[in-house]
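K.L.:
Let's have the full structure, built from the sequences with the hints guiding it.
To convert, note that position 5 of the sequence shown is 5 in UniProt numbering; the numbers rise steadily by one, no gaps.
There could be a bad hint or two in this list.
[Claimed, not checked] DSS-like, lysine-lysine: derived pairs with alpha carbons at most 25 Å apart:
id: 1; residue 1: Lys-204; residue 2: Lys-158
id: 2; residue 1: Lys-40; residue 2: Lys-23
id: 3; residue 1: Lys-15; residue 2: Lys-56
id: 4; residue 1: Lys-149; residue 2: Lys-202
id: 5; residue 1: Lys-56; residue 2: Lys-27
id: 6; residue 1: Lys-56; residue 2: Lys-40
id: 7; residue 1: Lys-56; residue 2: Lys-107
id: 8; residue 1: Lys-46; residue 2: Lys-23
id: 9; residue 1: Lys-40; residue 2: Lys-107
id: 10; residue 1: Lys-56; residue 2: Lys-46
id: 11; residue 1: Lys-188; residue 2: Lys-107
id: 12; residue 1: Lys-188; residue 2: Lys-202
id: 13; residue 1: Lys-40; residue 2: Lys-13
id: 14; residue 1: Lys-27; residue 2: Lys-107
id: 15; residue 1: Lys-107; residue 2: Lys-149
[Stated by the list, open to error] Ranges of calculated distance between the beta carbons of each label pair, as one might list FRET restraints:
id: 16; residue 1: Thr-184; residue 2: Asn-161; range: 21 to 29 Å
id: 17; residue 1: Ala-81; residue 2: Glu-197; range: 19 to 27 Å
id: 18; residue 1: Gly-32; residue 2: Asn-82; range: 47 to 55 Å
By construction, these hints were calculated from the structure, which means they are not laboratory data. The beta-carbon is built from N, C-alpha and C at its ideal position, and this holds for glycine as well.
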Amino acid sequence: MQTTVGRPKDLEKRKHILEAAKKLFLKLGYHGSSMNQIAKEAGVTKLTVYNHFQDKETLFCCAIEATCEKTINASLIRLNANSDFQAHFYQVCELALYIINLPEAIKLEHLLLELAAEQNPLAMQFYNVSHQRMCNVWQDFFEQATQLKFIQANEIEKQINLILSLLLGIRHHEVLLGIQQPPTPEEKHQIISESIELFMMKYKAQPHY
Numbered sequence: 001m002q003t004t005v006g007r008p009k010d011l012e013k014r015k016h017i018l019e020a021a022k023k024l025f026l027k028l029g030y031h032g033s034s035m036n037q038i039a040k041e042a043g044v045t046k047l048t049v050y051n052h053f054q055d056k057e058t059l060f061c062c063a064i065e066a067t068c069e070k071t072i073n074a075s076l077i078r079l080n081a082n083s084d085f086q087a088h089f090y091q092v093c094e095l096a097l098y099i100i101n102l103p104e105a106i107k108l109e110h111l112l113l114e115l116a117a118e119q120n121p122l123a124m125q126f127y128n129v130s131h132q133r134m135c136n137v138w139q140d141f142f143e144q145a146t147q148l149k150f151i152q153a154n155e156i157e158k159q160i161n162l163i164l165s166l167l168l169g170i171r172h173h174e175v176l177l178g179i180q181q182p183p184t185p186e187e188k189h190q191i192i193s194e195s196i197e198l199f200m201m202k203y204k205a206q207p208h209y
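P.N.:
Below, the structure is given as structure tokens:
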């Protein structure tokens, strides 16, 4: 993805523009935000915005990518033969639920649905820097777990779909619709524990005799 064009950039101004863009895109949506508004919010001229980002689409992609980078910002878990797999599994599930239920993440989901509804190609770029990034964390974790024989070998995509379906369920749709609040810490613990239990019933590695 091309993120900048033109002459050498003032990194501080670029940071302010990105912060302004993130704020306005989340608050007003893609179509509700203009380059003029973003420039005003960032305290720069519209020309300065275009000197850093060639168009609104580029700025949007950069702003969303920066938001997701900050939100996920997860160091990949490294497993070994002596790892407490259940504890690490719980940790990844906890990270996923934490990220998914952040106010910014919920606003991003609404923004993605808005773009998808109009078949805007930006929706796929958005997906790749948000949802796909979290899926990459899961893929790395399950690949390690399979190699170390903590879980059975299977299609990792199916394993990711299963654990996310168990963790989110109908509750997440209700949260997105505003008819439910995100899970409390106690509810998250129950959701994670039950999700891991059901996942392991299907994929736990069988002992070799």
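K.L.:
Now tell me, hint by hint, if it's right for this structure.
P.N.:
Structure-based check of all given hints:
1. The hinted pair formed by Lys-204 and Lys-158 meets the criterion: a straight-line CA distance of about 14 Å does not exceed 25 Å.
2. A threshold of 25 Å between alpha carbons decides the hint, and for Lys-40 with Lys-23 the separation of about 12 Å falls inside it, so the pair holds.
3. Proposed proximity of Lys-15 and Lys-56 is supported: the alpha carbons are some 16 Å apart, at most 25 Å.
4. Between Lys-149 and Lys-202 the alpha-carbon distance is near 14 Å, which keeps this suggested pair within the 25 Å criterion.
5. Our distance criterion of 25 Å between C-alpha atoms is met by Lys-56 and Lys-27, whose separation comes to about 16 Å.
6. Annotation: proposed proximity of Lys-56 to Lys-40 holds, straight-line Cα distance about 15 Å (limit 25 Å).
7. Distance restraint check for Lys-56 and Lys-107: the Cα-Cα separation of roughly 19 Å lies within the 25 Å cut-off, and the hinted pair is therefore satisfied.
8. Of the supplied pair hints, the one linking Lys-46 and Lys-23 holds, its CA atoms being roughly 17 Å apart against a limit of 25 Å.
9. Between Lys-40 and Lys-107, the direct Cα distance comes to roughly 22 Å. Compliance with the 25 Å bound is thereby established for this hinted pair.
10. For the proposed pair Lys-56 and Lys-46, the alpha carbon gap of about 11 Å is at most 25 Å, so the pair holds.
11. The hinted pair formed by Lys-188 and Lys-107 meets the criterion: a straight-line CA distance of about 20 Å does not exceed 25 Å.
12. At most 25 Å may separate the alpha-carbon atoms for a hinted pair to count; Lys-188 and Lys-202 meet this at roughly 21 Å.
13. Distance check on the hinted pair: Lys-40 and Lys-13 sit about 12 Å apart at the alpha-carbon level, within 25 Å; holds.
14. Restraint check for Lys-27 and Lys-107: satisfied, since their Cα atoms lie roughly 8 Å apart, inside the 25 Å limit.
15. With a C-alpha separation of about 38 Å, the suggested pairing of Lys-107 with Lys-149 is violated against the 25 Å cut-off.
16. Between Thr-184 and Asn-161 the CB atoms are about 26 Å apart, so this pair conforms to the stated range of 21 to 29 Å.
17. Here the CB-CB span from Ala-81 to Glu-197 is close to 23 Å, well matched to the stated 19 to 27 Å.
18. Distance hint for Gly-32 and Asn-82: a CB-CB separation of about 52 Å, consistent with the stated range 47 to 55 Å.
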